[in-house]
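Q: So the chains spell out like this:
Number of protein chains: 2
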Amino acid sequence: MSDAIHDVLGVGNAIVDIIAQADEAFLQLHDMTKGGMALIDEARAHALYADMGAAIEASGGSAANSIAGVASFGGRAAFIGKVRDDEFGRIFGHDLTSLGVHFTTPPATDGPATARCLVLVTPDAQRTMNTHLGACVDLTPADIDADLVAASAITYLEGYLFDPPAAKEAFRKAATIARGAGRKVALTLSDSFCVHRYKDEFRQLIADHIDILFANESEIEALYGSADIDAAADDLAAQVSIAAITRSEKGSLLISGSERVAVAAAPIDELVDTTGAGDLYAAGVLFGLSRQKTLAECGRLGSLAAAEVIQHYGARPLQPLATIG
Amino acid sequence: MSDAIHDVLGVGNAIVDIIAQADEAFLQLHDMTKGGMALIDEARAHALYADMGAAIEASGGSAANSIAGVASFGGRAAFIGKVRDDEFGRIFGHDLTSLGVHFTTPPATDGPATARCLVLVTPDAQRTMNTHLGACVDLTPADIDADLVAASAITYLEGYLFDPPAAKEAFRKAATIARGAGRKVALTLSDSFCVHRYKDEFRQLIADHIDILFANESEIEALYGSADIDAAADDLAAQVSIAAITRSEKGSLLISGSERVAVAAAPIDELVDTTGAGDLYAAGVLFGLSRQKTLAECGRLGSLAAAEVIQHYGARPLQPLATIG
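Protein chains in written order, with our numbering: chain A, 11 to 335; chain B, 11 to 335.
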């Protein structure tokens, strides 16, 4: 992989987060499943926004957050995702390119606005997400720049993207090109609802295309129908080169062949907002892999990056991760 | 003032902040005066934004921040300021109205975009601001709702507004209506550059219209040409009912007649971003005055609100101030 121009290329939803505090009653009133992600239409996005509290805006998107993290570690990163040519689209583009991320997917010039995710953070720092995909649904296979994929050591795909039909096609196209070019393909399962919705397709996708898999415990349970992580680990080890299973404050488990490496969560002073924890964990692992680090070191970098991002609002690091590694 | 519908009405620039970290070299490269506020045109706003790092967006504006603070304390608050009918305008409006603030100034339907302030936060937590006033320059005397001013116990004006000719007129109109209705008029001098630019006009304005004055030490020095706070205090006491002079980490001095009350800064765990410190101090004092608190208690509320806002990015409180008072 030494001839790669980019260490990691992310393919995912291009989203701006609108982040506000909310109490449990607000979630109940609006029929939200705490801790999850729901896709909402434009009308509900407007209605929820009108009801929610004062907010801050920050670029988000799961794979995009990870890519921002890789760049913040000092990695050579790129991103493919669809915005509209509007204010949020400009914000999203700026926040990636200002980190040195190669991001040239052409914005849509008509159709829905740039995607927004209404993030409600409860007093326990848990985040509940409501995503209006907007322009993201216009990501098509034509947006997958084959040269860019072939020039990237790892192509990282987010499970959230695996929903709109054209995006699914784009997803498979990127994976096929990457593997064809002798590169690695990484996937995060993103959310147990994604896995439940497309369980068989995800299993097939993993078997056919994936080298590096990221998942949390509930996603693994959704995929295997069992909470037995040890059994899942053996199965995963047979299917992918590396699997990383996150376990919130219990840290993570990295799996490769017969190797099992348990990594502790990094200590924090104050838990503020868990948004982006998994995304930044993936950033640390992906950056570590691109630097040929050991599994234990990859996991340590993931834990450090996750610890940074959960101590403030917003899903991207506020301090350069290169200084905390 | 018991018949007032609103405790505090703010009149100021309606701005969305774009906040990024920057080092001292960035400020020097772009000829910025650290700690100050500069007005910039659209071309410079675009150029600076392209050069600055990944950012977060949050509603700002000096008087608007104070009004958000008053509402967060539980006060009945209102705001007059000009946005455009664009994404940032909707964000600005949402962030005030979601706090219960009465905000009905009609957005401009053409002309420049909603104002933005590029805020660079250096590692010492100091903020340097670059404001493109955009739609704010279209605030005119016609936007000053006379009934709203007359129904507000205190009308609070920001010195920053005292620059575009129509806004200056709007400023004087609001002050005249408020006094005519037997209400109080409060002013913040905002920035020493404002004072230097319009020193004689500000002195006249204070003498003619102002009951409650907010300033920091450098603004007082700009106004009086002397750093002698004690001498300034005596002069201020002769001109306004109450003056509050902020002194950063040294706290503040409240002045009324022969009374001089020194208030300590509230303790903090970590200084992150000083943006909004003065605005939130004013919020605490204004809320306290609206509740007939003593000067010492008003100052204490100001110190607490300022301490909240400097421990995170963004110029508005992230936790309800009613719970910290």
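To be clear, the hints were calculated from the coordinates, so they are not data collected in a lab. Hints are supplied without guarantee of correctness; some may be wrong.
To be verified - Which stretches of chain A does chain B cover? Using the computed rule of at least three CB atoms under 8 Å from a CB of chain B, they are:
{"id": "1", "segment": "39–50"}
{"id": "2", "segment": "56–62"}
{"id": "3", "segment": "104–114"}
{"id": "4", "segment": "199–208"}
{"id": "5", "segment": "317–326"}
Source: prediction; values computed, not measured. Think of the CB as a built atom: it goes at the ideal place given N, C-alpha and C, for glycine as much as any other residue.
Q: Would you mind marking each hint as holding or not holding in the structure?
A: Against the structure, the hints:
1. 39–50: With 0 residues close enough to chain B, the hint is violated.
2. 56–62: holds (count 3)
3. 104–114: holds (count 5)
4. 199–208: Answer violated; 0 residues pass the 8 Å Cβ test.
5. 317–326: holds (count 4)
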